[in-house]
Amino acid sequence: MQFVLHLDDRTVDGLVDPVSAERAVDDAFAAWGRGVAATTQRVRAAGSGGAMASAMAAVVPPYCGGKLYATHAGRFTFLNALFDVEGELLATLDGDAVTLLRTAAASSLAIRHLAPPHATVATIVGTGHQAWPHIEMLLRTLPHLSELRICGRTPTAADALAIRVQSDGVTTSTSGDAGTAVDGAQVVVTVTSARDPLFPAAAVADDALICAVGATKYDRAEIEPELVGRCSAVVCDDVTGSRTECGDLLRAAAVHCFDWADAIELHAIAAGNVVVRRSVDAPVLFETQGVALQDVAVCALAYERYRQQTIQEADR
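In this note's numbering, the protein residues as written are 500 to 815.
These aren't lab readings, by the way, just hints derived from the structure by calculation.
Remember, predicted model here, so these are calculated numbers, not experimental data.
For each residue, glycine too, the CB sits at the ideal point set by N, CA and C.
A couple of the hints might just be wrong.
As the list claims (entries may be wrong) - So the derived label-pair ranges between C-beta atoms look like this: (1) 813 to 717: 44 to 52 Å; (2) 676 to 755: 28 to 36 Å; (3) 576 to 501: 46 to 54 Å; (4) 670 to 537: 41 to 49 Å; (5) 545 to 516: 31 to 39 Å; (6) 537 to 717: 21 to 29 Å; (7) 543 to 659: 18 to 26 Å; (8) 551 to 670: 24 to 32 Å.
Said to hold, decoys possible - Listed below are the simulated EDC-like cross-link pairs for lysine to aspartate or glutamate, each with C-alpha atoms no more than 20 Å apart in a straight line: (9) 716 to 758; (10) 716 to 780; (11) 716 to 695; (12) 716 to 744.
Generate the whole structure from the sequences, applying the supplied hints.
Following this line, the structure appears as structure tokens:
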């Protein structure tokens, strides 16, 4: 029986830093935009008693693979598989660390291309698992950031995140009201499991970039249709997948605030095929549900670093 390498979450955390994950995800999206890489849409199977299984796959040469996961009562259990392009199974990997790294990496890619160049105020709405990786990403990605606002339903959770922020020149505040928290912010990141919009459309500034991360199913929504309608550009990590599972855009399209024909692919921006011109007159929206391309890119990086580490230890 063939031995299969398995990298657990702790090992992945030790091998892959967020900056390297961002570069890997950037390169993967650019390769997709050039027609070199490819990704599938997520498929889900729902059974009785709330059981659900989901799967997604991608090719990012010289690797391919995907993610399989189970969901029950709000709990996710992930397993990634990494192959080479000739079909040899190279490793399996736990998915919690990979998911945290790859999700914030996609938001970073969008911010670097779509945010106002001199953004000084950012807001994150949500205090769950994705909050801290996105806070770290904002501090790293926005060079002129001077004010960070953290908004959540639980004050203690927001306060705990604020205490962790140690960045010179950045003032941190917390709020329980999302409308107030996003008012005047030039970058807004939503990382919630909300089923209804989080704040009024009018609360968002005309020059803002909204990174909507949480609406990953058709019955979830973080953004009002009216806000989608205000945006000068709507960018998706995968337009085809968004048509099935992006609750924000499905609701906006249903009331004629959004036309799917106008959606822009993130991979086209990463590859330089499309340039979104920023305007101070209207916001820009980035919708991400997550694609397997991101997972394979980060898994490949973890595998390569593990192999390098093993070789170096053997040579000592």
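*asked:* Tell me the numbers of any earlier hints that the structure contravenes, in ascending order.
replied: 3, 7, 8 and 10
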